[in-house]
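**Student:** So the chains spell out like this:
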Amino acid sequence: MNIKKLAIVAISVSILIPQFSYSGTSLKIGTQGKKTITLTNKVGENFIKFVSAAPLEEIKGTSDGITGSFVIDIDNLEATSGQISVDVKTMTTGLDRRDSHLWGKEWLNADTYPTITFDIKGLTDIQIIKQENGIGEIKATAKGDFTMHGVTKQITSPITLKFIRESEATKKRAQGDFSFVQARFSIGLKDFDIKGVRGLIGSKVGETIEIDANFYGSTSK
Amino acid sequence: MKWKLISIIALILMLPLFAIWLKQGKNIYTKDKKQVITKVKDEIFGTETDKIEWVDEFQLGLLPGVDNLSPKLLLSVAVPSGILICVSILGFYMNYRQKRFLSK
Numbered sequence: 000m001n002i003k004k005l006a007i008v009a010i011s012v013s014i015l016i017p018q019f020s021y022s023g024t025s026l027k028i029g030t031q032g033k034k035t036i037t038l039t040n041k042v043g044e045n046f047i048k049f050v051s052a053a054p055l056e057e058i059k060g061t062s063d064g065i066t067g068s069f070v071i072d073i074d075n076l077e078a079t080s081g082q083i084s085v086d087v088k089t090m091t092t093g094l095d096r097r098d099s100h101l102w103g104k105e106w107l108n109a110d111t112y113p114t115i116t117f118d119i120k121g122l123t124d125i126q127i128i129k130q131e132n133g134i135g136e137i138k139a140t141a142k143g144d145f146t147m148h149g150v151t152k153q154i155t156s157p158i159t160l161k162f163i164r165e166s167e168a169t170k171k172r173a174q175g176d177f178s179f180v181q182a183r184f185s186i187g188l189k190d191f192d193i194k195g196v197r198g199l200i201g202s203k204v205g206e207t208i209e210i211d212a213n214f215y216g217s218t219s220k
Numbered sequence: 000m001k002w003k004l005i006s007i008i009a010l011i012l013m014l015p016l017f018a019i020w021l022k023q024g025k026n027i028y029t030k031d032k033k034q035v036i037t038k039v040k041d042e043i044f045g046t047e048t049d050k051i052e053w054v055d056e057f058q059l060g061l062l063p064g065v066d067n068l069s070p071k072l073l074l075s076v077a078v079p080s081g082i083l084i085c086v087s088i089l090g091f092y093m094n095y096r097q098k099r100f101l102s103k
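Quick note, the sequences are listed as chains X and W, same order. Count the first sequence with numbering that gives the first Met the number 0 and you get residues 0 to 220, in order. Count the second sequence with numbering that gives the first Met the number 0 and you get residues 0 to 103, in order.
No lab work stands behind these hints: they were computed from the structure. Since the model is a prediction, treat every value here as computed from it, not as a measurement. The reader is advised that the hints may include incorrect statements.
Distance condition first, Cα-Cα at most 20 Å in a straight line; then the derived SDA-like pairs of lysine to any residue [as the list claims (entries may be wrong)]: (1) 170/X / 35/X; (2) 32/W / 89/X; (3) 203/X / 31/W; (4) 33/X / 82/X; (5) 59/X / 57/W.
Work the whole structure out from these sequences, hints included.
**Tutor:** Here it is in structure tokens:
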């Protein structure tokens, strides 16, 4: 009797669980599953731009020392994850002396904290823009942990993500499926315990830094 | 008359400095590199992204570029303009004194 009841419960559960299980947003581009994208300049130039706007000066800077990878689950885009790092000593503002200040102890302290990282924990608010001919494009909000100057804070950033399946055209540039991510967000220096030289934040250096990032990668390692 | 002329010349000499400063982007500090952004079209991704390069280009600022100690960066609008303003004020004052002396 008990075995009969147990069998009924087991069958019911096995029928009901798939009905209630969450299925995320998927891209219908003729491929499925998880794709590991490794950033590479063969696909496109990986870089970040940063702007500090202060009453006395606007400082524009760039960095091309970007490394990392992320995993896109084509069947569940919400589960996208990965890590992207920026080598602090590749950040430049066009003046060598100012760059050495930027990497110095008062500011980013590159010797102690050589990288700035963004640990992607997932995507929300996904909007599918395009899904045809092996090309998928979405707009979403990336959430994750941003670590700078030894301090980690949870941040969100609106992103545009493109995924392109390998084709004759892509093979001319690099092997594998391609992906491109564009992100734009801002960070507050105070939030990351960056005090700078007394009096400069708010006058010559902005309290918040605007960041624009372009990441290119492929599934080929 | 000679002092008045010196004052006017000093004021006129300031104008090209300010014209260069306005033309070169109204920078607060003198700089020796410029960020050049060019738009790059990517055929595969169908996107237009920025390509950023730093090129050597002197840009006269209102104040000396304190971030670098090169002599070029010490040039600024404020320093020569300040000297010219002082010369101009001195010229007008000397002209005033000369006029008072002659009228006596």
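**Student:** Hint by hint, note whether the structure agrees.
**Tutor:** Status of each hint after checking the structure:
With a CA separation close to 17 Å, the supplied pair residue 170/X and residue 35/X stays within the 20 Å bound. Straight-line distance between C-alpha atoms of residue 32/W and residue 89/X comes to about 17 Å, which keeps the hinted pair within the 20 Å bound. Distance hint between residue 203/X and residue 31/W is fulfilled; the C-alpha atoms sit about 18 Å from each other, no more than 20 Å. Pair hint residue 33/X plus residue 82/X holds up; C-alpha atoms about 15 Å apart against a cutoff of 20 Å.
Between residue 59/X and residue 57/W the alpha-carbon distance is near 16 Å, which keeps this suggested pair within the 20 Å criterion.
Going down the numbered hints, you'll see the structure goes against none, and every one checks out.
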